[in-house]
Structures are given as C-alpha cells and as structure tokens.
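Line by line, the protein sequences are chains A and B. The first sequence: position 65 = 65 (this note's numbering), numbered continuously. The second sequence: position 171 = 1171 (this note's numbering), numbered continuously.
Bear in mind the hints are in silico, worked out from the structure with no lab data behind them. Where hints are given, some of them may not hold.
[Claimed, not checked] 20 angstroms max Cα-Cα, derived PhoX-like pairs, lysine-lysine:
1. 101(A) - 1178(B)
2. 1036(B) - 98(A)
3. 19(A) - 29(A)
4. 1160(B) - 1136(B)
5. 1136(B) - 1192(B)
6. 101(A) - 1037(B)
7. 110(A) - 1190(B)
8. 11(A) - 1160(B)
9. 98(A) - 1178(B)
10. 1073(B) - 1190(B)
11. 1178(B) - 1167(B)
12. 1178(B) - 1190(B)
13. 19(A) - 1144(B)
14. 19(A) - 8(A)
15. 102(A) - 1160(B)
16. 1063(B) - 29(A)
17. 133(A) - 29(A)
18. 1063(B) - 14(A)
19. 1063(B) - 1037(B)
[As the list claims (entries may be wrong)] The following label-pair restraints were derived from C-beta to C-beta distances:
20. 113(A) - 1194(B): 40 to 50 angstroms
21. 1040(B) - 21(A): 47 to 57 angstroms
22. 1175(B) - 113(A): 11 to 21 angstroms
23. 113(A) - 1135(B): 16 to 26 angstroms
Even glycine gets a Cβ: it sits at the ideal position worked out from N, Cα and C.
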Amino acid sequence: MTNQISEKIYKKIKEEQIKPRPRWEFLLKDYTVWSFFGVSLVVGSLAVAVLLYMLVNNDWDLYSYVSGSFLGFLFATLPYFWLAIFLLFIVLAYFNLKHTKKGYLYSLGKIIALSLLISFIFGGSLYAAGLGKTIDKVAGGQVPYYERMMAHRQAVWHQPQKGLLVGEVSEIVSPVRFNLVDPGGEQWCVECPRVPRCPLVKENIQTPVKIVGEEGEDCFQARIIRSFRTMPHMMGVPGKGHCGATQCPMRNR
Amino acid sequence: MGKTPQQCREMRDAELVSLSLENEDYFLYLMERYEKKLLSYISKISHINLDEAEDVLQEVFIKVFRNLASFDKSLSFSAWIYRITRNETISHFRKNKVYYNGLNQEENELLLNSLESEVDTAQELDNKFLEKNMGKVLDRLDNKYREVLVLKYLEEKDYKEIADILKKPMGTVAILLKRAKENFYEQAQKIKMEF
Chain A
1 MTNQISEKIY KKIKEEQIKP RPRWEFLLKD YTVWSFFGVS LVVGSLAVAV
51 LLYMLVNNDW DLYSYVSGSF LGFLFATLPY FWLAIFLLFI VLAYFNLKHT
101 KKGYLYSLGK IIALSLLISF IFGGSLYAAG LGKTIDKVAG GQVPYYERMM
151 AHRQAVWHQP QKGLLVGEVS EIVSPVRFNL VDPGGEQWCV ECPRVPRCPL
201 VKENIQTPVK IVGEEGEDCF QARIIRSFRT MPHMMGVPGK GHCGATQCPM
251 RNR
Chain B
1001 MGKTPQQCRE MRDAELVSLS LENEDYFLYL MERYEKKLLS YISKISHINL
1051 DEAEDVLQEV FIKVFRNLAS FDKSLSFSAW IYRITRNETI SHFRKNKVYY
1101 NGLNQEENEL LLNSLESEVD TAQELDNKFL EKNMGKVLDR LDNKYREVLV
1151 LKYLEEKDYK EIADILKKPM GTVAILLKRA KENFYEQAQK IKMEF
C-alpha cells in the first residue's frame, strides 16, 4: 500500500495535465482583503473625526439645562449615527483582517484594539485638520438618515417649557431683542439683556441658535445663546426678517 | 528533472514546493513524504475505513497541488498540509455528521502516556481502566478538544504548528489544550463512576 496514493495522484496530475493555479490569483485575493481592511479603517477614521467634532462641540457645560444628569445628557446627545458607522467599520475591519493569510494568529481583542488605535490616531488627525466639520456638513445634505438624527438633536434642544429654545434669528429688533423662528415655524420674541458678549450684527440673520432661558410674559428671556449646528432646511421657516438693529449682546461661538 | 531521487528525499519541504511549481515530478516526493502521516491523521480524527481515508487523501493532494502557489513560506509546509487535510476531512464527513470513532490500542497507550506525564490528576485514575476505556473517554469529548489532543500528543505538533493547522491564535490553542486535558480527566472520572 505504501505510496500507492502518491503514485496514483502523480499519474492523474500527468494525465489530466493538472496545473497549480497561478500565483497572481492568490495575490489578488490577498490584496483585495487587505484593501477592504484599509478602506474599513479609513471610513472608521472618518467617523471618528466627525464623532470628535460633534462631541467637542456638544456644549457639555449646559447639560444640567437639558437633562437631570450628565449621563442623561450624554445619551440624549450622543451622535449615534456616527457611532454606529464607526462600530460597523471596526467590525468589518476585524473580519477582513481575520481573512488575511495570518489573520487567524491575532485574537479578537488584539485586532479590535489595533483597529481602534489606528482609527483614533487617523481620526484624531483628520479632526485636527478640520475634516470632521466638513464631513458633518456634507453628510447633512446627502445622507437621509442624518436628517432624522439632526431632528432628534433639535428636539432635545427645543423644549420651551424647560427653558430651551432653538431657531433661526429672523429679525434684530434692538440691541437686546430679536425675533426668532423655531423649527415649527412659530415666531418668538427673545430678549437678551443678561447675555454677555456682543455684538449681534446683520450677518447673524438666519443664524441657527440654541437658547437657554425662560419663557417671560412677552418675550423669551435668554440667559445663554449659542450657535446651533444644524442643516438650514431643518428649521421650519427660513428667516425672512430684516435687520432692525445692528447690535445685540449675543454670544457666537 | 535535474535532481536525483536521493537528493529530492533530502530536500526541505519548501524547496520541493518551489521545484514542484516548475515541474510536477517533484510533487511526487512531497506526497510520498506525507502519505502515511496524513492517512494516519485522517483516521485519528474521523470515523473512517481505509478506502475512505484514501479518497480523502487523494482530494487533499490534488487540492494541495492546485494551491501550491499560495503556500506561504513563512509557515511550515507540514502545518499547511495538515490544515488542508483537516478541512478536507471535516467537509467530507460533515454531511454524515460523523467525525470520530476511536483510536487503536497503540494510540490509546501513547495518548495516555503523554497525558500522564503532564497532568497530576492522572495519578488519581486507574491507568488500566483508562487504557481500556480511552475510546469511550475520547468519544465523549468535544471535537475541538479531541483534535487538539490528537495533534499535540499523537502527531506531536508544537503550539505554533497546532495554531497554524487549526487557524487559531497560539493563546487560544494553549487554553484549548488545558481545557481538553481537564475535560479528558473529568470524563474519565465520570465513566469510572458509572462502572
């Protein structure tokens, strides 16, 4: 019996002219898997850049006005869309690396840690280069689900009964008073005598803002005014007002 | 073929792989080198008769030859061909849902001796009893435990080779082996109590 099989297979290879598959086929497969791994990391890094941009500009100091607790604020304002994209591409990076020739040698923990490290290094660099903001703006006009996410974010900050108001400045009435159109299209009169920092100038017309304050008898009394990053068409009615005053103590970030 | 049969038999696997890619005659020496070992390995990890084992091995050799250009020289050829054999054996028997039936007497003793030297708990068991019931004990083990025991103690592969054959990280192989030994003695104790 010894070596009978070897002889048999040798004859078969000769007779049927069986040839080894060319090396380029395997190389192509390897490069494809590595490319997918690279693309996954790049997309993950882009998601990190936007995540960082959104988290840095999340107005953490105002958490107590929005939610009873810091955790409540965190969960209400986390950019879930980008978080989901980031996690999805980390998982894809893991599966791609696992399918490289020696991917099996690395444990799940090692691959995830490596992917996170690379994503945060590149994502952090992209954020520092200002790409986070750019992607956020571009995605705002292109990605359907993104609008829903922004609408949720808008709803978190638009609770007039809790002293939170968002909208676009439609008219500057006086240095301490302006009109605002909220996402529902409702007109609001806002007074801001206690708000430090100025001036509010003509260019502030149509600027989306978020305001912390309280409802007064005639006007909403603002205590804090910050710019509100959102998509222009998310606001109910675009500001059509004219500029009645050129100065207002309004804080712009 | 520019080399004598004697020269070919003395060559390293990787050299024969390179030559086989240019001339299939050299592949015969690679096959001869692994034929017995792989036949034995197939029978250890599967419920199989000799004819079936030979069929599986033929598939293995053809597959290895077709994919020879994908062999990564940073791996050992032995680990690579064992991996292909394992995968081919599993896929051959998956449809029958049969994977393992037992070792022969010689293999039983070899496995028992190897395990005894490594695990203290072995002393708590009656060796004669174990020798007689080795098949039963192994039969109760999970495939993943059984195959790692076979690779380590019967095929005498090191951790790196086992990792390459099973396509698992070395740390996972170490844990798997530890659990396999624990599981082995657990099952042996249970069987003893059943008597």
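Hint by hint, here is what the structure shows:
1. 101(A) - 1178(B): Roughly 26 angstroms separates the two Cα atoms, so the pair is violated.
2. 1036(B) - 98(A): violated, 32 angstroms
3. 19(A) - 29(A): Satisfied, since the Cα-Cα distance of roughly 19 angstroms is no more than 20 angstroms.
4. 1160(B) - 1136(B): violated, 29 angstroms
5. 1136(B) - 1192(B): Holds, because 11 angstroms separates the two Cα atoms, which is no more than 20 angstroms.
6. 101(A) - 1037(B): violated, 25 angstroms
7. 110(A) - 1190(B): violated, 38 angstroms
8. 11(A) - 1160(B): Judged against 20 angstroms, a Cα distance of about 34 angstroms means the pair is violated.
9. 98(A) - 1178(B): Not satisfied, since the Cα-Cα distance of roughly 24 angstroms exceeds 20 angstroms.
10. 1073(B) - 1190(B): Not OK: residue 1073(B) and residue 1190(B) at ~45 angstroms, beyond 20 angstroms, violated.
11. 1178(B) - 1167(B): Holds - the C-alpha atoms of residue 1167(B) and residue 1178(B) are around 18 angstroms apart, at most 20 angstroms.
12. 1178(B) - 1190(B): holds, 19 angstroms
13. 19(A) - 1144(B): The given pair, whose Cα atoms are some 34 angstroms apart, is violated under the 20 angstroms limit.
14. 19(A) - 8(A): Given that 20 angstroms is the threshold and the Cα spacing comes to 16 angstroms, the pair holds.
15. 102(A) - 1160(B): holds, 12 angstroms
16. 1063(B) - 29(A): Satisfied, since the Cα-Cα distance of roughly 17 angstroms is no more than 20 angstroms.
17. 133(A) - 29(A): violated, 36 angstroms
18. 1063(B) - 14(A): holds, 15 angstroms
19. 1063(B) - 1037(B): holds, 17 angstroms
20. 113(A) - 1194(B): 40 to 50 angstroms: Because 46 angstroms falls inside the window, the suggested range holds.
21. 1040(B) - 21(A): 47 to 57 angstroms: Since the Cβ atoms of residue 1040(B) and residue 21(A) sit about 28 angstroms apart, the hinted range of 47 to 57 angstroms is violated.
22. 1175(B) - 113(A): 11 to 21 angstroms: Cβ of residue 1175(B) to Cβ of residue 113(A): about 19 angstroms, so the range 11 to 21 angstroms holds.
23. 113(A) - 1135(B): 16 to 26 angstroms: Hint violated: Cβ distance 43 angstroms, outside 16 to 26 angstroms.
Hint compliance for this structure: hints 1, 2, 4, 6, 7, 8, 9, 10, 13, 17, 21, 23 are broken, all remaining hints hold.
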